[in-house]
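Enquirer: Here's the letter readout for the chains.
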Amino acid sequence: MSKNSFVIAVYVENKYGVLTRVTSMFTRRGFNIDTLTVGETESPEYSRITISLSGDQTDRGQLISQLKKLYNVKKVEVITADKGIRRELMLIKVKNSPENRADIKDAVDVFKAKIVDYSAEALCLEITGDTNKVDAFIDNMKPFGIIEMCRTGIVAIERGADSILSHEE
Amino acid sequence: MRLSGAEIVVKTLIEQNIKTIFGYPGGTVIDIYDQLKKYEGQIEHILTAHEQGAAHAADGYARASGDIGVVLATSGPGATNLVTGIATAYLDSVPMLAITGNVGTTMIGRDSFQEIDITGITLPITKHNFIVHRTEDLADTIREAIRIAKSGRPGPVLVDIPKDVQQKTADYEKAEPVKIRPNRPADDAVVAKAAKMIADSGRPFIYFGGGAVRAGAGELLEKLADKIDAAMGSSLMGLSEVPTSNPRFLGMQGMHGHYASSKAMHKADLIIAIGVRFSDRATGDTSKFSSGAQKIHIDVDASELNKNVETNLSSACDIIDFLKKLIDAVDEKKRPSWMAKIEKLKVQEKEFDDPDFLPEQVVKAASNITTADTRCVTDVGQHQMWAAQFYEFTDKRTWISSGGLGTMGFGMGAAIGSAYGTGKRSVLFTGDGSFGMDMNELATAVTYNVPLTIVVMNNGALGMVRQLQTFFYKKNYSNTTLNRKTDFKLLAEAMGAKGYRATTIDEFKDVFEKAYNDEGPSLIDMRIDTDDLVLPMVPGGGTYDKIICERSDINE
Ligand SMILES: Cc1ncc(C[n+]2csc(CCOP(=O)(O)OP(=O)(O)O)c2C)c(N)n1
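Keeping their order, the protein sequence lines are chains A and B. Quick note: the first sequence, position 138, residue 558 per this note's numbering, numbers continuous. Quick note: the second sequence, position 271, residue 272 per this note's numbering, numbers continuous.
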């Protein structure tokens, strides 16, 4: 079984301490998470946690069944690459200079990124995409001098009309 | 009915058929204690010497009775003293409700006197825990806590109640005892596949554990074994679910398991694992563990499947339902050559047996005198393994021991709890080391005149660790020699219990007969040799083709 990365969406009750319960389980069971995002959902009762991690089938099975055991977890679903859309957002600050400015703008156009702040010393850029695209953009920016960057981690949703909350167990 | 939070707590417990609770008072639970006095006739509170003892008592109560155990403690040190007890219950999947007081909600987060984040501390050792912020939520939270603790794979649940939540009032309405969430029934396809694997197998071995005890699967396991001509063995936690006298049952397997049981499991071509978690004490090196055998694994908890050992067929479902369906689905079949092999293993095992081995004689003598329903409770160490190996179990739930956490100091509390859980005399096997950790609870046993016979297997050492030093640390006995000057007989008497002493098996038989028939608690200081060993032994991470059976198997 190969080690590969997978994305899991978890609906949890929107209650005090729930995120701690989830992350404490990861620590206790030794799961190494690549990214984790939390946010509101269509329902005020629930938050959605999106987790991406690398591991084999066994890790994946363990993670899912351990998550399902947590009392505040209502739904756990793997979002496979073919069935889902995965995105992350990055804000990145690179050095601005007359000689590089045009090249940076070209990259911004090709990657469909945006310049969201401008000063003589730095450009602040925003980009959305799947992890590969964001990684590639970072590689492009490296020669210009990255001052600071932050990524949100992956959010993912299934294609089609269903909500994972309505899926049968 | 408008009641204070504290009264709601007590009324909810009564409504949920909780008859006995164990605990220790303090400033943040004084309101609950106030109510316990009022409802004395309906719910009994046992005051232990230490909160840890109370937690183990609740645990022992649950293990012995199959019902939930309840413990109550104050905030801060009261709550932290529960931690080992909660962890012990968690690792052995024992249904427990722990209630703690906390400082008032406005005081939380200010490092107030005796404030501790007990829900934070117990997060990884509870099935779930709650902090109750509103008096209105108290009754339902306690009900839900009980339901969680008892459903599926049981475990401890903690409810933390700030003092002001106990003092404010809310409406209380009596409710029915909660219903346990039913387990998923067995899948027909899984049953069919299992039956096929059994039909294809020449050497089936049924391996069961604590999950089988929880489900009460004993008779069905025996029936299945008879029908398919299988051998049986259990983990430490599975003991007493099938009577020791069943000739198919080869006893506990694993690190200190019976030779025949471990070997048979190793030689089997099919392992039918029921309510076990393939703990490292049971498997040794998992990569080499019964690698030639097909494995079926059934447990209520899906997260146990393929966790420690990869299996060929696994399903998370109700064990009883699975076994019933499987028994119907399999064909009756005799496997004479497998049974002949098993008989041979039994004969080989007998060859290592030393009839003069005193710890074995002691456990067997006690076992002969006790009634079939007597709970055999242990602390942790060599004495625990000897009890597991040599006690003759007849009735279910008669084996009460800390398996997963291996908690020294479990015994006294657990034995008191199991006496309450059954209304019968318990027998505790402990060591001079373990008893040093829980002897304070002898005072509790005396106060409440608990029917309890304590056998201190006194070897003057932390025997189990010493044994490891003998085998693997060149007999460098660092800090494992006790030889304390404590006179356990006098100690027992000083605390108000009966005390006895024995040095030979004849003396032991004589005093055990008396101690077992005493009215309240009694203690026997049983002197044994410091160098007695627990054998066989598969060293941690070892393999089952290399079982150490005799002293001469190791290079001393
Ligand atoms: C609370 C706790 N501390 C330490 C240990 C490690 N340990 C396991 S067995 C053992 C020795 C037990 O000695 P004793 O109770 O005298 O029993 P014996 O092995 O001599 O029968 C120790 C120290 C433990 N299991 N639990």
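Worth flagging that the hints you see were computed from the coordinates, not collected in a lab. Virtual Cβ for every residue (Gly too), placed ideally from N, Cα, C. Errors might be hidden in some of the hints.
[Stated by the list, open to error] To be clear about the criterion: a stretch of chain B counts as covered by chain A if any three or more of its residues have a C-beta under 8 Å from a C-beta of chain A, and this derived list gives those stretches:
| no. | segment |
| --- | --- |
| 1 | 113 to 127 |
| 2 | 409 to 421 |
[Said to hold, decoys possible] Below are the BS3-like pairs computed for lysine-lysine, each with C-alpha atoms no more than 30 Å apart in a straight line:
| no. | chain 1 | residue 1 | chain 2 | residue 2 |
| --- | --- | --- | --- | --- |
| 3 | B | Lys-20 | B | Lys-325 |
| 4 | A | Lys-488 | B | Lys-325 |
| 5 | B | Lys-180 | A | Lys-494 |
| 6 | B | Lys-175 | B | Lys-347 |
| 7 | A | Lys-488 | B | Lys-169 |
| 8 | A | Lys-435 | B | Lys-175 |
| 9 | B | Lys-510 | A | Lys-494 |
| 10 | B | Lys-475 | B | Lys-490 |
| 11 | B | Lys-180 | A | Lys-495 |
| 12 | A | Lys-489 | A | Lys-503 |
| 13 | A | Lys-435 | B | Lys-169 |
| 14 | A | Lys-489 | B | Lys-325 |
| 15 | B | Lys-345 | B | Lys-268 |
| 16 | A | Lys-489 | B | Lys-180 |
| 17 | B | Lys-175 | B | Lys-39 |
| 18 | A | Lys-488 | B | Lys-180 |
[What the hints assert, rightly or not] Interface residues of chain A toward chain B, partial, derived using beta-carbon atoms under 7 Å:
| no. | residue |
| --- | --- |
| 19 | Arg-448 |
| 20 | Ser-474 |
| 21 | Thr-478 |
| 22 | Lys-489 |
| 23 | Tyr-491 |
Enquirer: Now, for every hint given, state plainly whether the structure supports it.
Expert: Here is how each hint holds up against the structure:
For a cut-off of 8 Å, the count of residues in the segment 113 to 127 of chain B with a CB near a CB of chain A stands at 4, and the three-residue condition holds. Only residues whose C-beta sits within less than 8 Å of a C-beta in chain A count toward coverage, and the segment 409 to 421 of chain B has 0 of them, not enough to reach three; the restraint is violated. A threshold of 30 Å between alpha carbons decides the hint, and for Lys-20 (chain B) with Lys-325 (chain B) the separation of about 33 Å lies outside it, so the pair is violated. A threshold of 30 Å between alpha carbons decides the hint, and for Lys-488 (chain A) with Lys-325 (chain B) the separation of about 27 Å falls inside it, so the pair holds.
Taken as a hint, the Lys-180 (chain B) and Lys-494 (chain A) pair is honoured in the structure, with Cα atoms around 20 Å apart against an allowance of 30 Å. Straight-line distance between C-alpha atoms of Lys-175 (chain B) and Lys-347 (chain B) comes to about 57 Å, which puts the hinted pair past the 30 Å bound. About 35 Å separates the Cα atoms of Lys-488 (chain A) and Lys-169 (chain B), which puts this hinted pair outside 30 Å; it is violated. Our distance criterion of 30 Å between C-alpha atoms is met by Lys-435 (chain A) and Lys-175 (chain B), whose separation comes to about 27 Å.
At most 30 Å may separate the alpha-carbon atoms for a hinted pair to count; Lys-510 (chain B) and Lys-494 (chain A) exceed this at roughly 57 Å. This hinted pair does not check out: Lys-475 (chain B) and Lys-490 (chain B) have alpha carbons roughly 34 Å apart, beyond 30 Å. Of the supplied pair hints, the one linking Lys-180 (chain B) and Lys-495 (chain A) holds, its CA atoms being roughly 23 Å apart against a limit of 30 Å. Restraint check for Lys-489 (chain A) and Lys-503 (chain A): satisfied, since their Cα atoms lie roughly 25 Å apart, inside the 30 Å limit.
A C-alpha spacing of about 23 Å is found between Lys-435 (chain A) and Lys-169 (chain B), which places the hinted pair at or below 30 Å, so the restraint holds. With a CA separation close to 26 Å, the supplied pair Lys-489 (chain A) and Lys-325 (chain B) stays within the 30 Å bound. A hinted pair counts as satisfied when its Cα atoms are at most 30 Å apart, and Lys-345 (chain B) with Lys-268 (chain B) qualifies at roughly 13 Å. Note on Lys-489 (chain A) and Lys-180 (chain B): the hinted pairing holds, with a Cα-Cα distance of about 19 Å set against a maximum of 30 Å.
Between Lys-175 (chain B) and Lys-39 (chain B) the alpha-carbon distance is near 17 Å, which keeps this suggested pair within the 30 Å criterion. Our distance criterion of 30 Å between C-alpha atoms is met by Lys-488 (chain A) and Lys-180 (chain B), whose separation comes to about 21 Å. A hinted interface residue such as Arg-448 (chain A) counts as satisfied when its beta carbon comes closer than 7 Å to some beta carbon of chain B; here the least separation is about 5 Å, so the hint holds. This hint is violated: Ser-474 (chain A) has a C-beta 18 Å from the nearest C-beta of chain B, more than the 7 Å allowed.
For the restraint placing Thr-478 (chain A) at the interface with chain B, the shortest Cβ-Cβ distance is roughly 6 Å, inside the 7 Å limit, so the hint holds. Given the 7 Å rule on beta carbons, the hint for Lys-489 (chain A) holds: about 6 Å separates it from the nearest Cβ of chain B. Annotation: Tyr-491 (chain A) was flagged as interfacial toward chain B, and the flag holds, the nearest CB pair being 4 Å apart, inside 7 Å.
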